[in-house]
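Working from the sequences, and respecting the hints, build out all of it.
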Amino acid sequence: MEKLSFSKEELERYSRHLIIPEFNIEGQKKLKAAKVLVVGSGGLGSPLLLYLTAAGVGTIGIVDFDVVDSSNLQRQVLFGEENVGEAKVDAAKKRLSALNPHIKIITYNTHLNSQNALDIIKDYDVVADGTDNFPTRYLVNDACVLLDKVNVYASIFRFEGQASVFNQLQEDGTRGPNYRDLFPSPPPPGLVPSCAEGGVIGVLPGILGSIQANEVIKVISGVGETLSGRLFLFDAASFETRTLKVQKSPTNPLNGENPSQTELIDYQQFCGVGIEEDVALSENVVKPISVEAFLELKQSGEDYQLIDVREAFEFEIAEMGGELIPLATIAQNADRISKDKKVIIHCKAGKRSADAIKTLQSTYGFTNLYNLEGGILAWAEKADNARARY
Amino acid sequence: MARIIIPTPLRKFTSNQAKFETEGKTVSEAILALTTSYGNLKQHLVDDEGKLRSFVRVYLGDEDINVLQKEATPIEKDSIISIIPAIAGGIA
Numbered sequence: 001m002e003k004l005s006f007s008k009e010e011l012e013r014y015s016r017h018l019i020i021p022e023f024n025i026e027g028q029k030k031l032k033a034a035k036v037l038v039v040g041s042g043g044l045g046s047p048l049l050l051y052l053t054a055a056g057v058g059t060i061g062i063v064d065f066d067v068v069d070s071s072n073l074q075r076q077v078l079f080g081e082e083n084v085g086e087a088k089v090d091a092a093k094k095r096l097s098a099l100n101p102h103i104k105i106i107t108y109n110t111h112l113n114s115q116n117a118l119d120i121i122k123d124y125d126v127v128a129d130g131t132d133n134f135p136t137r138y139l140v141n142d143a144c145v146l147l148d149k150v151n152v153y154a155s156i157f158r159f160e161g162q163a164s165v166f167n168q169l170q171e172d173g174t175r176g177p178n179y180r181d182l183f184p185s186p187p188p189p190g191l192v193p194s195c196a197e198g199g200v201i202g203v204l205p206g207i208l209g210s211i212q213a214n215e216v217i218k219v220i221s222g223v224g225e226t227l228s229g230r231l232f233l234f235d236a237a238s239f240e241t242r243t244l245k246v247q248k249s250p251t252n253p254l255n256g257e258n259p260s261q262t263e264l265i266d267y268q269q270f271c272g273v274g275i276e277e278d279v280a281l282s283e284n285v286v287k288p289i290s291v292e293a294f295l296e297l298k299q300s301g302e303d304y305q306l307i308d309v310r311e312a313f314e315f316e317i318a319e320m321g322g323e324l325i326p327l328a329t330i331a332q333n334a335d336r337i338s339k340d341k342k343v344i345i346h347c348k349a350g351k352r353s354a355d356a357i358k359t360l361q362s363t364y365g366f367t368n369l370y371n372l373e374g375g376i377l378a379w380a381e382k383a384d385n386a387r388a389r390y
Numbered sequence: 001m002a003r004i005i006i007p008t009p010l011r012k013f014t015s016n017q018a019k020f021e022t023e024g025k026t027v028s029e030a031i032l033a034l035t036t037s038y039g040n041l042k043q044h045l046v047d048d049e050g051k052l053r054s055f056v057r058v059y060l061g062d063e064d065i066n067v068l069q070k071e072a073t074p075i076e077k078d079s080i081i082s083i084i085p086a087i088a089g090g091i092a
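Heads up: the protein sequence lines correspond to chains L and Y, in order.
First residue of the first sequence? That's 1 in the working numbering, and the numbers climb one at a time after it.
First residue of the second sequence? That's 1 in the working numbering, and the numbers climb one at a time after it.
Honestly, I wouldn't trust all of these hints.
Claimed, not checked - Covered stretches of chain L, as calculated for chain Y (at least 3 residues, CB under 8 Å):
#1 126–135
#2 152–161
#3 178–187
#4 241–248
It is worth saying that the hints were derived from the structure and are not from the lab.
Every residue gets a Cβ at the ideal spot worked out from N, C-alpha and C, and that includes glycine.
Encoded structure:
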């Protein structure tokens with residue numbers, strides 16, 4: 001740490017940090033020496049990466065497998081129109097290197113998974129989790145606990161955000177609570193909103209990702225009190241904030257009283273469809289129809305009915321001529337659905353229409369229902385380029 | 001009356017209501033009143049025996065009810081009960 005020095009350009013660049021009495025050049029040295037891994041360079045990752053780079057964190061790793069899509073630009077302020085189609089890690093590295101040339105940026109253009117997570121994370125001091133799905137949340141958490149790394153967490157949904165600091169070393173030498181203390185198991189898939197049921201107000205990841213960046217800087221510099229042992233909640237719609245206490249759980253499988261897990265597991269399976277639902281599925285099979293087969297059906301002149309089980313606001317964005325019956329109202333509208341001719345049911349990508357078909361088959365005895373594979377997204381891609389993909 | 005704050009992912013079961021007022025005297029009574037008013041919410045909060053599910057955290061003020069008296073935790077007229085959901089991200 002003592003050997004670290006700053007050039008004149010760096011001293012000038014970081015001067016607003018250096019003149020904070022409790023932060024000063026010692027805090028800045030800690031930032032320069034630190035290695036932070038940001039998992040996900042999307043809504044949360046954008047402000048995180050911009051602020052950590054601007055702040056002078058010496059080494060920043062970025063994990064992302066995705067390419068920039070135009071629907072990202074509503075919130076992922078790291079990217080611009082010119083980056084659409086480009087690998088996120090490449091676009092991010094260009095932008096961040098231009099922002100601060102004194103930072104070393106390391107990119108991993110891959111999915112973080114049980115095979116590579118320990119290997120990637122082991123070289124870093126702090127991990128900031130900006131992912132968007134439960135399997136990766138548990139993966140990042142478990143890898144951090146197994147490797148004794150701090151996990152700075154934030155998560156968002158529509159207008160609601162959460163943030164915390166997990167697994168931070170405490171004064172008594174033990175580690176603070178982690179994600180599994182807060183949520184021992186993920187909610188069943190039925191409760192997790194799928195595709196267009198989700199959504200997020202674009203500014204919210206900006207707010208939560210900035211809070212995350214601030215916590216990362218506090219963890220590294222030792223200045224202030226982090227969110228370790230606390231969960232911050234923010235509702236951007238009502239502007240209500242709450243800060244709750246997070247306790248360590250004696251039943252935590254990683255580091256509770258009787259730890260049972262010493263390595264990473266299959267997180268898709270851990271968070272995925274339960275056995276009970278698998279059995280139900282096998283007895284209640286959803287028949288698929290491809291976009292190509294549906295096109296043939298349209299051209300054949302055979303009578304059919306097309307049902308759209310999305311929400312009205314999605315119908316406004318793009319539709320393909322179906323009758324709108326949102327999934328939540330499908331049961332009460334079962335009498336509007338033909339039992340004689342072929343009925344094609346679609347949603348955005350195929351998940352909600354499959355749920356609708358299962359309900360209609362199990363409760364109302366339909367046998368003539370077909371799920372449009374890939375939903376209206378696949379239709380727009382393969383058959384109708386004029387439809388907006390959202 | 002005590003107030004329960006409903007998190008966004010569960011509002012699809014509460015006609016989009018973010019808050020629920022209850023006369024219940026314990027957390028258990030408050031949750032029962034909530035799930036009686038909104039039947040579809042029940043299976044997402046409690047099991048067949050009425051016990052809270054493991055993926056649901058319930059707080060009284062800023063304390064996890066698990067470190068208080070769990071479902072039997074008494075509540076006051078001005079209590080704020082928070083149901084804390086696991087949320088993963090905006091694109092899930």
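Are there three or more residues in the segment 241–248 of chain L whose C-beta lies within less than 8 Å of some C-beta in chain Y?
Contact hint for the segment 241–248 of chain L vs chain Y: holds, 6 residues under 8 Å.
Go check the segment 178–187 of chain L versus chain Y for me, would you? Three or more residues, Cβ under 8 Å, otherwise it fails.
holds (count 6)
Quick one: see if chain Y covers the segment 126–135 of chain L, three-plus residues with Cβ-Cβ under 8 Å.
Check passed, 4 qualifying residues.
Examine the segment 152–161 of chain L for residues whose CB is less than 8 Å from any CB of chain Y, and state whether their number is three or more.
Per the Cβ count (6), the hint holds.
The structure meets every hint from the earlier list without exception.
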